[in-house]
Each structure stands twice: as C-alpha cells, then as structure tokens.
Amino acid sequence: MKWTANDVDMYEKERQYIDTAVIPLIPLTLSEGAKAAVSGGEFVQLLTSEIERQLKGRLFLLPPFAYFTAEEQSARTERLNDWTSQLKESGLHHVFYVTGDRAWKEYEPDLLGELFLLPVVPFEHMDEAYKRQIVHDQTSKLLNAFISRWT
Amino acid sequence: MSEKKHRVSRRQFLNYTLTGVGGFMAAGILMPMARFALDPILKGEAGAELVPVAQVKDITTEPQRFDFKVKVKDAWYESEEPKSAWVYKDDKGEIVALSPICKHLGCTVNWNADKAHPNQFFCPCHYGRYTKDGTNVPGTPPMHPLDRYEYKVKDGKLYLGKAKPRGEA
Ligand code: FES
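Sequence lines, in order, name chains Z and W.
According to numbering that gives the first Met the number 0, the first sequence is numbered sequentially starting from 0.
According to numbering that gives the first Met the number 0, the second sequence is numbered sequentially starting from 0.
The following block holds chain Z by itself, in its conformation from the complex:
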C-alpha cells in the first residue's frame, strides 16, 4: 500500500494482514555531492515503488524519511528510531529501511528496524537495456530479501 487515501481505507479494513512498513531513507544536500545523493535517492524510490506494487497486500510504503547530510548522524538515528517505535506500536512489526546512503551502515546496530543498503549504480553512462536489467535484478533481490524476513 501507498500513503494514499484509498490505500488507507484498505489498511483500516485489513489491518491484521499488514505488518510491514517500508521507509526509503533519502539524503538531501545542495552542496558537493548533490547529484550523487539525488540519483541514489531516485533509485531507492524507483525500487521501493516497484516492490510496493508486488507486495502491496502486506506492506505499507511510507513517505521517505529525508535528512540533510549535514544533520548529525546521532540525531538522525534518533529521529528514525522514533518513527520506527511509533510504527511498531501501531502494529507494523517489521520496519524495513531502504537506502543508497552508506553512512547508515556504521549505525546499523543502533537502528530499531532493518537496513537494506542498495549498491550505488552509475546510471548516467549506461544504455537503457542495461539500466533496465539492473533495476530488474536489484528489485528481485530486494523482494526476496523482504520475503525471507517474513518467514
């Protein structure tokens, strides 16, 4: 499900079947590295929306958790953990974070949800067919990773 009025109707009816929240973690910056941050974020949103399409009956794709790269990592972690506890209290027992930002890796043990780190893909210099192949492969990897967490 997506964060839309329609889907929330379904959530309210079928709550007992929906136990997973997916949060894209999107870095923001307007200084050096802006382009890399943006394209990493785009990739994350592309993949998470495809996964939502395939697993919509069990997971809720939330609006991205966005943060300036200049924000202290500890403050960020605290904010994200706060989101996570709220979600868990509402019955979403699995909280999956998807990001391309490696900065999270080091803090993984402090996080209350599960981190899925996507590889950085230099899409700029790739032809369409190859791009599509990568998106396809990465989507099915992530899909299987999610499914295996459920069992």
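Keep in mind the hints are simulated off the structure, nothing from the lab.
We treat Cβ as the ideally placed atom computed from N, Cα and C, and that holds for glycine.
Every clue listed holds true.
Here are the simulated lysine to aspartate or glutamate pairs, EDC-like style, with alpha carbons at most 16 Å apart:
#1 W/Lys161 x W/Asp146
#2 W/Lys68 x Z/Glu49
#3 W/Lys82 x Z/Glu49
#4 Z/Lys34 x Z/Glu123
#5 W/Lys82 x Z/Glu51
#6 W/Lys156 x W/Asp57
#7 W/Lys161 x W/Glu80
#8 W/Lys72 x W/Glu48
Derived Cβ-Cβ restraints for the label pairs, each shown as a range:
#9 W/Gln63 x Z/Ser84: 43 to 51 Å
#10 W/Ala74 x Z/Ser84: 31 to 39 Å
#11 W/Gly138 x Z/Gly32: 48 to 56 Å
#12 W/Pro137 x Z/Gln44: 35 to 43 Å
#13 W/Lys56 x Z/Asn80: 54 to 62 Å
#14 W/Asp154 x Z/Glu107: 51 to 59 Å
#15 W/Glu77 x Z/Val7: 19 to 27 Å
#16 Z/Phe67 x W/Lys151: 49 to 57 Å
Go by the hints and put chain W with the ligand onto chain Z.
Leaving out everything else, chain W with the ligand in the frame of chain Z:
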C-alpha cells in the same frame, strides 16, 4: 518593410484562430474513427484496447510471465502502468492468460515458487495458493480465482485486454 503590411487585423486574427480551432476539432473527430476502421481487431469486447504481449510460438504448457504496459488515466494524470500476465497453453491447446494479482489483498503471485506446493501459483504475502487454472486453493486466504485476461491472437502475436473475474471472461 512597413509595419502596416505585417499587422494582422482583428478580423483576420479571428479568422486564423477560428480555423485553427476548427481544424483541431475535425482532426480530433476523424483520427479515432480512422483508427477504429483500420484496426477493429485490436479492440476488446468492452472497447478496451488490446496490447501485444508475446509471440504465440513462445507460449508453452508451462506458465510464463510476460510483462507489458498499458495507458491509464486517473484523476490527476495519464501514465503507463506496468502489468504482467501468466500465460500458458492448457491441455486442449488453448491459451490461458492469468492476472498475477492475488485476489486476497493484491500482491503479485508467482508460479511454482513454494517448494512445498509445486505447480501452483503462490502469493508470498499471506501464502495464498491457486492451482494452474487459477482456482484458489481452499484454506488459503484468497476467496476467488485469479482473473483472466481477455485475449486475441493476430499474426502470430498474443494481444491482451482487460483482466476479468472468472465466469465473466
Ligand atoms: S495478498 Fe495474496 S494471500 Fe494475501
């Protein structure tokens, strides 16, 4: 070059714009008619467009997934929606094209993905299952069989239209 020569009078201006609009309108009326006359086979029963999805020669008795796109219009904008179908030939050699959308809460089902239940469609979300012809397996969450796409075959290609609940298709 005098300015006068290039000035468009109010009357001329109105004339231009009106023909412009009229021309557009005529084109708008004629074009869909021409298309309809040329390609009647590409319209399904409901008048929905059918889109090419696969070569008939690639279809086997084992369900395969084919991906395609259809144009959709919702309240805000027009976009292309990715779709897929599980397609195979049944015992009588007839083509079956099933929608992969689980009838429980809409996840995408997979063929043969659950080792404990081979040769069935399997939904990873709440472990719903369907037999090869799309019938829901009792005791799993889905209450209805998978939808079937309406289809046509033309020049060796499979065209799919709308997915409909079984019984209606
Ligand atoms: S969505 Fe398929 S079993 Fe629930």
